[in-house]
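Here is how the chains run, residue by residue.
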Amino acid sequence: MTRLSRTFQTAPAAVPRDNSAKFLDSGLTSEGFQTPDWLVPDIEDGTAPSMKAEAVDNVVDRLPDHAPEFAGEIRPRVEWAYDDAAFRERGTEQVRRLAGDVGEHLDGIVFPKVGRIDDVRAAAGVLADAEREAGLADGALDMAVILETAPARSDLREICRFASESRLAGLVFGPVDYTAELGGRALHGERPRWDGLLEALSNETSAAGVVAFGGPFDQLFHERAGVSYYNAEGYADQVEHEATIGIDGSWSLHPKQTAQANRIHTPGSEELDRDLTKIEAFNDAKREGTGAVVVSGQMVDEATYKNFANTVLTVRAIDDAHPEQTAELYDDDLLERALSVELA
Amino acid sequence: MTRLSRTFQTAPAAVPRDNSAKFLDSGLTSEGFQTPDWLVPDIEDGTAPSMKAEAVDNVVDRLPDHAPEFAGEIRPRVEWAYDDAAFRERGTEQVRRLAGDVGEHLDGIVFPKVGRIDDVRAAAGVLADAEREAGLADGALDMAVILETAPARSDLREICRFASESRLAGLVFGPVDYTAELGGRALHGERPRWDGLLEALSNETSAAGVVAFGGPFDQLFHERAGVSYYNAEGYADQVEHEATIGIDGSWSLHPKQTAQANRIHTPGSEELDRDLTKIEAFNDAKREGTGAVVVSGQMVDEATYKNFANTVLTVRAIDDAHPEQTAELYDDDLLERALSVELA
Amino acid sequence: MTRLSRTFQTAPAAVPRDNSAKFLDSGLTSEGFQTPDWLVPDIEDGTAPSMKAEAVDNVVDRLPDHAPEFAGEIRPRVEWAYDDAAFRERGTEQVRRLAGDVGEHLDGIVFPKVGRIDDVRAAAGVLADAEREAGLADGALDMAVILETAPARSDLREICRFASESRLAGLVFGPVDYTAELGGRALHGERPRWDGLLEALSNETSAAGVVAFGGPFDQLFHERAGVSYYNAEGYADQVEHEATIGIDGSWSLHPKQTAQANRIHTPGSEELDRDLTKIEAFNDAKREGTGAVVVSGQMVDEATYKNFANTVLTVRAIDDAHPEQTAELYDDDLLERALSVELA
Chain A
1 MTRLSRTFQT
11 APAAVPRDNS
21 AKFLDSGLTS
31 EGFQTPDWLV
41 PDIEDGTAPS
51 MKAEAVDNVV
61 DRLPDHAPEF
71 AGEIRPRVEW
81 AYDDAAFRER
91 GTEQVRRLAG
101 DVGEHLDGIV
111 FPKVGRIDDV
121 RAAAGVLADA
131 EREAGLADGA
141 LDMAVILETA
151 PARSDLREIC
161 RFASESRLAG
171 LVFGPVDYTA
181 ELGGRALHGE
191 RPRWDGLLEA
201 LSNETSAAGV
211 VAFGGPFDQL
221 FHERAGVSYY
231 NAEGYADQVE
241 HEATIGIDGS
251 WSLHPKQTAQ
261 ANRIHTPGSE
271 ELDRDLTKIE
281 AFNDAKREGT
291 GAVVVSGQMV
301 DEATYKNFAN
311 TVLTVRAIDD
321 AHPEQTAELY
331 DDDLLERALS
341 VELA
Chain B
1 MTRLSRTFQT
11 APAAVPRDNS
21 AKFLDSGLTS
31 EGFQTPDWLV
41 PDIEDGTAPS
51 MKAEAVDNVV
61 DRLPDHAPEF
71 AGEIRPRVEW
81 AYDDAAFRER
91 GTEQVRRLAG
101 DVGEHLDGIV
111 FPKVGRIDDV
121 RAAAGVLADA
131 EREAGLADGA
141 LDMAVILETA
151 PARSDLREIC
161 RFASESRLAG
171 LVFGPVDYTA
181 ELGGRALHGE
191 RPRWDGLLEA
201 LSNETSAAGV
211 VAFGGPFDQL
221 FHERAGVSYY
231 NAEGYADQVE
241 HEATIGIDGS
251 WSLHPKQTAQ
261 ANRIHTPGSE
271 ELDRDLTKIE
281 AFNDAKREGT
291 GAVVVSGQMV
301 DEATYKNFAN
311 TVLTVRAIDD
321 AHPEQTAELY
331 DDDLLERALS
341 VELA
Chain C
1 MTRLSRTFQT
11 APAAVPRDNS
21 AKFLDSGLTS
31 EGFQTPDWLV
41 PDIEDGTAPS
51 MKAEAVDNVV
61 DRLPDHAPEF
71 AGEIRPRVEW
81 AYDDAAFRER
91 GTEQVRRLAG
101 DVGEHLDGIV
111 FPKVGRIDDV
121 RAAAGVLADA
131 EREAGLADGA
141 LDMAVILETA
151 PARSDLREIC
161 RFASESRLAG
171 LVFGPVDYTA
181 ELGGRALHGE
191 RPRWDGLLEA
201 LSNETSAAGV
211 VAFGGPFDQL
221 FHERAGVSYY
231 NAEGYADQVE
241 HEATIGIDGS
251 WSLHPKQTAQ
261 ANRIHTPGSE
271 ELDRDLTKIE
281 AFNDAKREGT
291 GAVVVSGQMV
301 DEATYKNFAN
311 TVLTVRAIDD
321 AHPEQTAELY
331 DDDLLERALS
341 VELA
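Protein chains in written order, with UniProt numbering: chain A, 1 to 344; chain B, 1 to 344; chain C, 1 to 344.
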């Protein structure tokens, strides 16, 4: 089945508030387009060092109540760093605790700051060990890694090829740490977009059949005349750029961003209608013994067919997980066509 | 001898017209700057599935009459797809038929949608087998591949290194299929230019000593006030960009594009005069026992000499294949200098 | 100790003037911000073929007098070319002569036009042999290579990984030769910036722990209304772009460029104050048993600490080599804080 990966929303798992699980609770109880496809309770950079233990406790405490009703997938981000054993040791303990106590409510684990392929293999080994100790089925927990160090970028191709023989299911860009590691300086407040990296990330994840997410957009709000506005336009620019180059989903830091990115990464009505029309015409042609047909000037054959089928499969996956989203976006006839059309 | 590779013109080998070989005939009988350096009778995406057999028949039928007079090289594009055995089987049959029936009129075969290096090796093997069966000399037919899939981009370096031990002679970018395979969506009608890929393509083909072509430019015409114009400016922008980054030649979909790209990829009068002057001064200096000379502020030595010599070799190759082109572009004195200057 | 690599200034080692060592002398006696971190007496492209021998003589003659007082490091650029044995033979002789006669005054050697990893290994071997013959300690002389050929770009990752087991200490971009080798043509006078290459250069050198320099900026002056001006703005744009993407230092062709690039690649007062404040707060937090602290909205922990510490280490290295530069840039209190703060 097509898996949804439109949004990767991090939620600090413990914050210095009366309810330290405030953001975790908010993510787990989100509704409609605000529900991220991947909810990532953040035990790493989003949580202060003095609150790491409480962060793990919060995840262990909240998941049994909320995970069964949550419509997305859940993958906590633990501590890890290719160049610091103390981080890897704390991360290993966090993975063990999570797998052991709430493993059945998790889809996977996110490892930040991985290095070369050997370090990614080591993280996969830690997860496999924890899974086995917890009595979970082999492969029950998949993993994603944040691409944010020079050695990981250097080994990107090997890391993606590793996915074909392992539980590695996704890569996520981490531009802040990446820029710092390369020694980049934001001289006029602008960080590079790292176009070469994004192109390679889209290519290698596509070749490996795993998902790719873009990096966080942290200018959440901007001010004008003393009033603070949600920066919808800036975020849309980034998300649309990611969609244009084939990055599957976008990082969200806020429910507003989640709702926005979920919509941008969902086929629109026109796009769906256009692709359905082509599939229907191709199905007719095949019944009449022809191997291809031209619809609105574009040839549809076995090869191009796959692209149109992908649109339909995505819509079916969204409908399966979030019927309220498809009900809002498409009229009844269009949705019915998407659900019933025959796919080769 | 320097081989010409300014233009790669695809011509559908069969179209639903009274004369189904209309575009093939047009390409084979083109004259002057409209003659492509590589003419590519297209049996793949340009030809409808129901007309594939007729497309092969057309090539087999037309080449004996026209190929001997045709001033460019001829390489049909057959069907192929790294992820679909049915395409590879059809392509194998097409290669056999072409090599067996008109092999002596062909320079090579173009394979689309190749995957990783193993798939490129497989295509090379199919061509070698067909060549032997047809009784052609070993290596009589070379091959080019279209770079348009994620695994081929991932293995670009290995594919180019394979060229040094094989019949692989060129790579051609295929942006439409490439963008679709990566899942890129043209949200506002714009497809990415894939700058990272183009840079790598120029580098790896240069390192391997094979030729590189850019992708097709499909906005052939634009409309203004109800009138349709040939989009010369848009195509020139793309071709000049390709020339700037060292892509050897450009894809053409139309004789007008061929004429335009042939001119842009040909040294201009000023460029030729400038490089000849440097070579002549260097030759004089060498006769006087000096290893270098400064001309118009630029030092010319054995190393830089090669660049200037390339300009002259290209002009000689054009003059050899298309004397009408050099006659049109250069005055007699300049051309005579290019043909007679001594090259080390 | 942090090594300084803000500037890579080439100085032709012999020019057709009364004093053929004019530019070499000027570099060796430069003062203040005009002192390059790397001074590169150029025996390669900056020196005419007929003056190569005199160029080597000049270096051998001047270094004993000036090198002991010179505040930067000295690495001559010798002849070399992966595709021409004559260049490699001349370069080998030049390395031998330099190591034998003035080896104790050199920090290393710069090899241009290297090819694939095997060619880089060969250059390293030549240097090792010369070092041994000269009776210098093993590793006394390090090496840098100019990245300016297609095969070197193709093997960039392997070349940088070689650094971890060798004397290779830096890579420098050479855009003019690189563009020529790829066959790029400056159709409208503009050369590509080669963004993909620069991104990869920054990444791979960071992963290997070696330094990276950008390419030369040759539009040193521009004219307006008949008057020639130093092109400070154009050079600043290039140097700042390099700093933004993590290229460590910039190529200089002139003392004015050296002074400018040294300043841009030096932490500013505000940057230093900001990072010191974070380190001081983190040190306080650690003394009180906390592992992290939030300063001006940014969390400082062991991981982010490294970035702030780098700023201080760079300032200490500059103060050590160039006390006049730190005295000019920072007020006494700020400098004192930078020199005395405790670094973990």
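One or more of the hints may lead you astray.
Identical copies go unnamed one by one, so any copy, or any two together, can satisfy a pair.
In the SDA-like style, the derived pairs of lysine to any residue whose C-alpha atoms are separated by at most 25 Å in a straight line are [said to hold, decoys possible]:
no. : residue 1 : residue 2
1   : K286      : E190
2   : K306      : D177
3   : K286      : A327
4   : K22       : G139
5   : K286      : E324
6   : K286      : N231
7   : K286      : M51
8   : K306      : E133
9   : K306      : R96
10  : K22       : A85
11  : K22       : D273
12  : K306      : E31
13  : K256      : H66
14  : K286      : N307
15  : K22       : E342
16  : K286      : E328
17  : K22       : E165
18  : K256      : E342
19  : K22       : S340
20  : K286      : A53
21  : K306      : D237
22  : K306      : M51
23  : K306      : F87
24  : K306      : T244
25  : K306      : F221
Hints were generated in silico from the structure; no laboratory data involved. The model shown is predicted, which means the values in this text are computed figures rather than measured ones.
So, going through the hints one by one against the coordinates:
In this assembly of identical chains, the alpha carbons of K286 and E190 never lie at most 25 Å apart, being 53 Å within a copy and 32 Å across copies at closest. Taking the shortest alpha-carbon separations for K306 and D177, only the inter-copy value of 11 Å comes in at or below 25 Å, while the best intra-copy value is 37 Å. In this assembly of identical chains, the alpha carbons of K286 and A327 never lie at most 25 Å apart, being 31 Å within a copy and 54 Å across copies at closest. Proximity of K22 to G139 under the C-alpha cut-off of 25 Å is found in neither arrangement, the shortest distances being 31 Å within a copy and 57 Å between copies.
For the identical chains of this complex, K286 and E324 are neighbours neither inside a copy (34 Å) nor across copies (50 Å), given an alpha-carbon limit of 25 Å. Taking CA atoms no more than 25 Å apart as the test, K286 paired with N231 passes in neither setting, with 48 Å inside one copy and 37 Å between copies. In this assembly of identical chains, the alpha carbons of K286 and M51 lie at most 25 Å apart only when taken from different copies (15 Å versus 61 Å within one copy). Within a single copy, K306 and E133 get their C-alpha atoms no closer than 41 Å, and across copies no closer than 35 Å, so neither meets the 25 Å cut-off.
Within a single copy, K306 and R96 get their C-alpha atoms no closer than 40 Å, and across copies no closer than 28 Å, so neither meets the 25 Å cut-off. Neither within a single protomer nor between protomers do K22 and A85 lie at most 25 Å apart by alpha-carbon distance, with minima of 31 Å and 53 Å respectively. In this assembly of identical chains, the alpha carbons of K22 and D273 never lie at most 25 Å apart, being 41 Å within a copy and 35 Å across copies at closest. For the identical chains of this complex, K306 and E31 are neighbours neither inside a copy (31 Å) nor across copies (40 Å), given an alpha-carbon limit of 25 Å.
In this homomeric assembly, K256 and H66 come within 25 Å of each other (Cα to Cα) only inside a single copy, at 21 Å, whereas the closest approach across copies is 64 Å. In the homo-oligomer, the alpha carbons of K286 and N307 lie at most 25 Å apart inside one protomer (17 Å), although the nearest pairing across protomers, at 55 Å, exceeds that limit. Taking the shortest alpha-carbon separations for K22 and E342, neither the intra-copy value of 45 Å nor the inter-copy value of 37 Å comes in at or below 25 Å. In this assembly of identical chains, the alpha carbons of K286 and E328 never lie at most 25 Å apart, being 33 Å within a copy and 52 Å across copies at closest.
For the homomeric pair K22 and E165, neither the shortest alpha-carbon distance inside one copy (38 Å) nor that between copies (50 Å) is at most 25 Å. In the homo-oligomer, the alpha carbons of K256 and E342 never lie at most 25 Å apart, since the shortest distance is 36 Å inside one protomer and 43 Å across protomers. For the identical chains of this complex, K22 and S340 are neighbours neither inside a copy (41 Å) nor across copies (42 Å), given an alpha-carbon limit of 25 Å. For the identical chains of this complex, K286 and A53 are inter-copy neighbours only, at 18 Å across copies versus 60 Å inside a copy, given an alpha-carbon limit of 25 Å.
Taking identical chains as interchangeable, the C-alpha atoms of K306 and D237 are never at most 25 Å apart, the minima being 28 Å within one chain and 32 Å between chains. Proximity of K306 to M51 under the C-alpha cut-off of 25 Å is restricted to the inter-copy arrangement: shortest distance 21 Å between copies versus 48 Å within a copy. Taking CA atoms no more than 25 Å apart as the test, K306 paired with F87 passes between copies only; the shortest distance there is 14 Å, against 43 Å inside one copy. For the homomeric pair K306 and T244, the shortest alpha-carbon distance inside one copy (18 Å) is at most 25 Å, but the shortest distance between copies (36 Å) is not.
Proximity of K306 and F221 under a CA criterion of 25 Å is satisfied in neither setting, with 39 Å inside one chain copy and 29 Å between copies.
Hint check: violations occur at hints 1, 3, 4, 5, 6, 8, 9, 10, 11, 12, 15, 16, 17, 18, 19, 21 and 25; the rest are consistent with the structure.
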